[in-house]
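J.: Spelled out, the chains give:
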Amino acid sequence: MTDLVQLASSGLALGAIYALIALGFVAIYRASKVFNFAHGDLLAFGAFAMVAASGIGLPWPLALLAAMLATGLLAMGVERVILRPLVGRPVFVTVILTIFVGYLIRTAILLIWGSNPRGMPTPWEPTATVEILGAKVLLGSLAALAGAALALIAYFLLMRFAKLGLAMRAASADQESALALGIPVGRTLGLTWLIAGMLAALAGTFLGMFPRQVEVNLAFVALAAFPAVLVGGLESALGAVVAGLLLGLLQVLAQAYVNPLLGHFGHNFHMVFPYIVMIIFLIFRPYGLFGEAEVKRV
Amino acid sequence: MLAIHNLEVVYNQVVRVLGGVSLRVDAGETVALLGPNGAGKTTLLRALTGLLPIHNGVITKGRLLLEETELARKAPERIVRAGLVQVMEGRRIFTDLSVEDNLRAGAHTRRDGEVRRDLDNYFTLFPRLAERRRQQAGFLSGGEQQMLAIARALMAKPRMLLLDEPSLGLSPLLVAEVGKLIRVIQQQGIAILLVEQNAALALSLAARGYVLEGGKVVIDGPAQTLREDPDVQEFYLGGAGQRRDFRQAKHYRRKRRWLS
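Listed in order, the protein sequences are those of chains A and B. Mapping the first sequence onto this note's numbering, position 193 (from 1) lands on 193, and the numbers just tick up by one. Mapping the second sequence onto this note's numbering, position 154 (from 1) lands on 154, and the numbers just tick up by one.
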């Protein structure tokens, strides 16, 4: 029981981070049908920005805010300078271009901060724990869960109730129609990237907190959130969150309970596990958990 | 209200779709714009509402005045703010948004706090939409979608409305319904430029009309005159009367007239 609580807590924390990453993917995909391969590099940039911001003495919450803003602005810049001129071209071109943008960001990180791993600053002892149901749960796990929950709730409130959220949903449904109603589609697209960048920085910050250190390869973790995006349904923000949490949990549980069963083959099997779930979903429910079959009237 | 002087539009830097079109709509007036496929009717509307750039089109000549405001090459949101809104061909509602969200999206440019009240007004005007206000708009019938598209444009509180083929793909019963709705809009004092294939409907609603062919205005005048014009009757009102000898048709020349 104690073991299970312990595993569940770290699984959910990992899942919350996956959810943040997946939501960033989904936000951009919904807005422009672009799958943003640079998202992982934005995440790494956010983590480094966080280290740098607290390095110059900013208190932790302020540093986090600064890192999120910096990453958001970077993402917005990428959209404005590199992707906006391609609006109207085949989406495929833009998708390939995001791979290139990812490399640019990665190179920029190496240029600015070098290749040495850094420790992610935390306002508490990195190994501090709280007792829940007799299990020792990392404070960092709880923070990740709480931070992700706050960000996700804010995102859903924005999309559901704010005028900006409505404009974003309208623009993603039919860009020309939205333009004809006076919705500045370009600006809403830029703001979508800003939000996705901020989510990436938040995810990067929490990801860097666990024993994992802040280094450029943090970007690859974004790829681990890839199954969550597909399992949840590319178009569904709610699906991304649910699938992210689920896959984080499954991954940690698989590491504890499935890996040992497989002997030598089981080494690192948990890393593959989310992809197996993804493939099963692609076969039996290709539009994901919450993805909707399109409504069309002819 | 709206004055178009000598408008010329070029797509992809080579295809000239409109070659010197002039047209006028007075305040509160309904004007019909008729013409065959490819005449440039939709292009004219795009030029007015700033949607040309996304279709790789450019206004190369001419002026577009909404009262004193020059509309040419302005951003779409500024044109909507100036009071000119377009209902695009094929309804183009936001299918995965709720009916209510569709209407609220139409009010995006408004800064006044009366959106709530207008929303309720339209739901009284369209009880069918009110019943489905929380439903996904994609599940509405074709006629209901057309009503929604028009109501959505009206949410922006325009002084002038551009309607592109509002009767497209609707049954005769629903076409009459759309006609009724257009009369309601007329009563509110909103000027309308009505682009239609259904010339009978358009000429019954409009005070004046223009016929656009090959990017030029070939006939214009009061709706009554157009209805009686033999060319309009033959080509747009389906009133050719007797069978025509093909040898005769070959020599038949349509009257063409330049406006500007």
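FYI, nobody ran anything at the bench for these hints, they're computed from the structure. Treat the hints with caution; some may be incorrect.
To list a few chain B residues with every Cβ distance to chain A over 12 Å, as calculated [said to hold, decoys possible]:
(1) A72
(2) E213
(3) T225
Which residues of chain A face chain B? A few of them, derived with a C-beta cut under 10 Å, are [said to hold, decoys possible]:
(4) L7
(5) P85
(6) G88
(7) P90
(8) T94
(9) L97
(10) V137
(11) L139
(12) A173
(13) A180
(14) P184
(15) E215
(16) N217
Model, not experiment: these values are computed from the prediction. Virtual Cβ for every residue (Gly too), placed ideally from N, Cα, C.
J.: Does each hint fit the structure? Answer for all of them.
T.: Going through the hints against the structure:
1. A72: Answer for A72 (chain B): holds, closest chain A Cβ roughly 17 Å.
2. E213: About 25 Å separates E213 (chain B) from the closest Cβ of chain A, which puts it past 12 Å; holds.
3. T225: holds, 32 Å
4. L7: With a closest approach of 38 Å, the L7 (chain A) hint is violated.
5. P85: At about 12 Å, which exceeds the 10 Å cut-off, the nearest Cβ of chain B leaves the hint on P85 (chain A) violated.
6. G88: holds, 6 Å
7. P90: Violated - the Cβ of P90 (chain A) stays beyond 10 Å from chain B, reaching only about 14 Å at its closest.
8. T94: This hint is violated: T94 (chain A) lies away from chain B, its Cβ roughly 15 Å from the closest one there, beyond 10 Å.
9. L97: Violated: closest Cβ of chain B sits about 19 Å from L97 (chain A), beyond 10 Å.
10. V137: Since chain B brings no Cβ nearer than about 40 Å to V137 (chain A), farther than 10 Å, the hint is violated.
11. L139: Interface hint status for L139 (chain A): violated (41 Å vs cutoff 10 Å).
12. A173: holds, 4 Å
13. A180: Result: holds, 5 Å to nearest chain B Cβ.
14. P184: holds, 5 Å
15. E215: Constraint on E215 (chain A) not satisfied, violated at 40 Å.
16. N217: N217 (chain A) check fails; min Cβ-Cβ to chain B is 37 Å, beyond 10 Å.
Checked against the numbered hints given earlier, this structure breaks hints 4, 5, 7, 8, 9, 10, 11, 15, 16; the rest are met.
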